[in-house]
Amino acid sequence: MERKDTDKLSFVLSNAAECTVLLKKSGQFPLDKPGKIAAYGAGLRYTIKGGTGSGEVNSKETFSIEQGLERAGFIIASKSWLDAYDEVRRKAKKQFIKDLKAQAKAKHENAIMYSMGKTMKEPDHNLKITKVCDTAIYVVSRNSGEGSDREVLEGDVKLSKSEIRDILLLNKIYDRFMLVLNVGGVVDLSPVMEVKDILLLSQLGTDCGAVLADILLGKQNPSGKLSTTWAEIKEYSAEGTFGDWNDNRYKEGIYVGYRYFDTFKKTALFPFGFGLSYTTFETKVSDVKANKDTLTCEVLVKNTGSCSGKEVVQVYLSVPEDKLDQPYQQLVCYAKTPLLERNAECRLEMSFRLSDFVSYDEESESYVLEKGRYVIRVGNSSVDTIIAAVAILEETVTTLKTRNCLGKPDFTDIKSEHSEPLPIPEGIVTFTLTADDFEKREVFFDNEVSADSRIKNLTDEELSYMQIGNFDPNAKGLSIIGNAATHLAGAAGETTSQLVNKGIRPLIMADGPAGIRISLKYYEEGENQYDAGNKGMMPESMLEMMGPVTAFIAKLIVGGKKIPRNAVIKEHSATMIPIGTAIAQSFNTELAEALGDIVGEEMEKFGVHLWLAPALNIHRSILCGRNFEYYSEDPLVSGEVAAAITRGVQKHKGCGTTIKHYAANNAETNRYCNNSQVSERAMREIYLRGFDICIRKSQPKAVMTSYNLLNGIHTSEHRGLIEDVLRGEFGFKGIVMTDWVMTIMTSSKSKYRNALSDEVAKAGGELFMPGTKKDYERVLNALKNGTLSRKQLEINASRLIRTIDEFYAD
19 MERKDTDKLS FVLSNAAECT VLLKKSGQFP LDKPGKIAAY GAGLRYTIKG GTGSGEVNSK
79 ETFSIEQGLE RAGFIIASKS WLDAYDEVRR KAKKQFIKDL KAQAKAKHEN AIMYSMGKTM
139 KEPDHNLKIT KVCDTAIYVV SRNSGEGSDR EVLEGDVKLS KSEIRDILLL NKIYDRFMLV
199 LNVGGVVDLS PVMEVKDILL LSQLGTDCGA VLADILLGKQ NPSGKLSTTW AEIKEYSAEG
259 TFGDWNDNRY KEGIYVGYRY FDTFKKTALF PFGFGLSYTT FETKVSDVKA NKDTLTCEVL
319 VKNTGSCSGK EVVQVYLSVP EDKLDQPYQQ LVCYAKTPLL ERNAECRLEM SFRLSDFVSY
379 DEESESYVLE KGRYVIRVGN SSVDTIIAAV AILEETVTTL KTRNCLGKPD FTDIKSEHSE
439 PLPIPEGIVT FTLTADDFEK REVFFDNEVS ADSRIKNLTD EELSYMQIGN FDPNAKGLSI
499 IGNAATHLAG AAGETTSQLV NKGIRPLIMA DGPAGIRISL KYYEEGENQY DAGNKGMMPE
559 SMLEMMGPVT AFIAKLIVGG KKIPRNAVIK EHSATMIPIG TAIAQSFNTE LAEALGDIVG
619 EEMEKFGVHL WLAPALNIHR SILCGRNFEY YSEDPLVSGE VAAAITRGVQ KHKGCGTTIK
679 HYAANNAETN RYCNNSQVSE RAMREIYLRG FDICIRKSQP KAVMTSYNLL NGIHTSEHRG
739 LIEDVLRGEF GFKGIVMTDW VMTIMTSSKS KYRNALSDEV AKAGGELFMP GTKKDYERVL
799 NALKNGTLSR KQLEINASRL IRTIDEFYAD
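Quick note: the sequence shown, position 374, residue 392 per the working numbering, numbers continuous.
Just so you know, not all the hints are guaranteed correct.
[Unchecked claim] Here are the computed distance ranges between Cβ atoms for each label pair:
1) T430 / K769: 18 to 24 Å
2) T298 / A585: 55 to 61 Å
3) E381 / G445: 34 to 40 Å
4) T314 / P443: 17 to 23 Å
5) N772 / E300: 53 to 59 Å
Keep in mind that the hints were calculated from the coordinates and are not lab data. The structure displayed is predicted, hence computed values, not measured ones. Glycine is no exception: its CB is placed at the ideal position from the N, C-alpha and C atoms.
Given these sequences and hints, build the entire structure.
Shown next, in the form of structure tokens:
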């Protein structure tokens, strides 16, 4: 039975506290009841529901934190400050847009395209604060988005001078004060660490205020953990490069996130896996067992505090250093308790296979477990663990022989210094393993793929159409995010409709990953739907920022249709779920699957076949503008959450996910033509591993390649990445599509060219999206001049048609 929209939103809101992280607590919260509260900060009235770009959801209603608090019975005692801040904000926004237009003009760029992902820095001001009641909050908000990266500036990654001044003052003069973070990524909190109560609210969708009110009143208890390390900006690794126009060098290798902090002994303000609760827990390892290379930890968790809550138990593994250097530890499994009442306890059983945490040896072109001592640690964050067991491997084991196929960077990765193993406490359970305890896998490359019999009879022209997303040969505009489909208004794109008469029906795709992004208002003409407003034509933030006149011009540029006078305007209503990082912070795969189930239910309702999500790129740098869409700095968390969401979506008939962006897509600066230089080992252990986990545990229907190049080759044109690794090693069975390639977004200053449709086809990619007449002609010409074989195009088309069959199966 289909749930009502209100039921779906209610489910999201009633579970959202699991996605929030209590960073500091004094015992002053929760409050006994609603009452007067002094509320300050941009986030009160300018609450961020989620980041900008394709991850936006066009919502019918969005409520501010101020509105949410008032609905819960709070009386805002700081209205005069908020009213004065409105004027500060209005002036700053006006100047921001003026500056943005001037910058675009100076760079000879289209203002709308240039604005993509640009967000206003928090303005400074001299508004006075006085004590007006006993309780206060300050809500810091930060936005970021697709198309631009964040900056180490005040009002962005750093707090503004006004924010620091006001937060410290409030902490001093109020009896109860909580700093609330309505942010999608890390903010350097080092100047305000004396604050005693800090909540990472994150960005939870259309009603963040309702969730915050529940938390303030103790109706919900924060139970999230950090999926990314929060530290002072100077503590993050500076080994690699980030934001360079042409080449980003991943010199840090495998030392990403907590792997870097733990190994190189850097100090975090709040470490990976950290998160408090209104209550307290006692955790004891009751048993550790081994069955071949599968290790199982049994952990007893007891609620020792004064209210109900949930705890996350994490298991880390320290790998021996022999030939290969290693990080201090890596997360190998985790589990979340059910809701535990006071004095209640539960037993968690967590298992992992050592062979799932192999290292890649570039010299032997194989995955190995080196001989030595494997230390298993159990705790509730990356820095709060105890040694629970030790597994001793007597000889080095090769679990998979493969081949180097990802290219070489122009540098050598940094390495940790080999350190002496730490002493093991007496009485620790110890297991001895041999090579016979490990499963060995084989991978077969260059396998013959048979063409579907229906494909053999297609002409070259028809085959070429199948390789390209659906397009109108007579279109005058250009295809932007959210306007390339015709069967569903605001959908991102479709496969070709040219062959419907031959039984090959189109697949409809809609953006994510915080819900289904389609037009809010639309009208119908025959079987097609068209946008009846600007929402759905391109990300809402771009239009809102540029104003109504520019928005009208934008609609003309992208070929918007004039609405007929007799058109009946209808509405879509899609549920917005929390941003990706917030979902990961729940450390609850059951919740992630349930959120995927909500998306899948709405896909069925709207007729969407492929959701262009989840996005599971690694938080390599806190400056990446799209980190809010992504889950974690850790590949295990990323893969597990993506797999859970995929399972939820694909429970629904005719619905599938498109995991993205494959791979090493970790920056937005010059994203169409930026070259990620990464070692084979770092790619396999960090940047590809989440995709491997997701594919093995959920088999998504599609994979989207990234815009960037990998060691000089576009990922969408990289046969080694697509055929050898994705299909050969990971066992992927679905289709591969490009991200939405648009030449208007490519800068003439780029060292590297855009991805090309014929080169994508050669590499084994099934779809070049969103598709234009030029893309089609390029494939057809390559086929005719022999640079692209018909055999390869038949293989690509066969994979696509078999996937289409799955979606339309009775």
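Verification of the supplied hints:
1. T430 / K769: 18 to 24 Å: holds (22 Å)
2. T298 / A585: 55 to 61 Å: holds (60 Å)
3. E381 / G445: 34 to 40 Å: Holds, at about 39 Å.
4. T314 / P443: 17 to 23 Å: holds (20 Å)
5. N772 / E300: 53 to 59 Å: With a Cβ separation near 57 Å, N772 and E300 satisfy 53 to 59 Å, so the hint holds.
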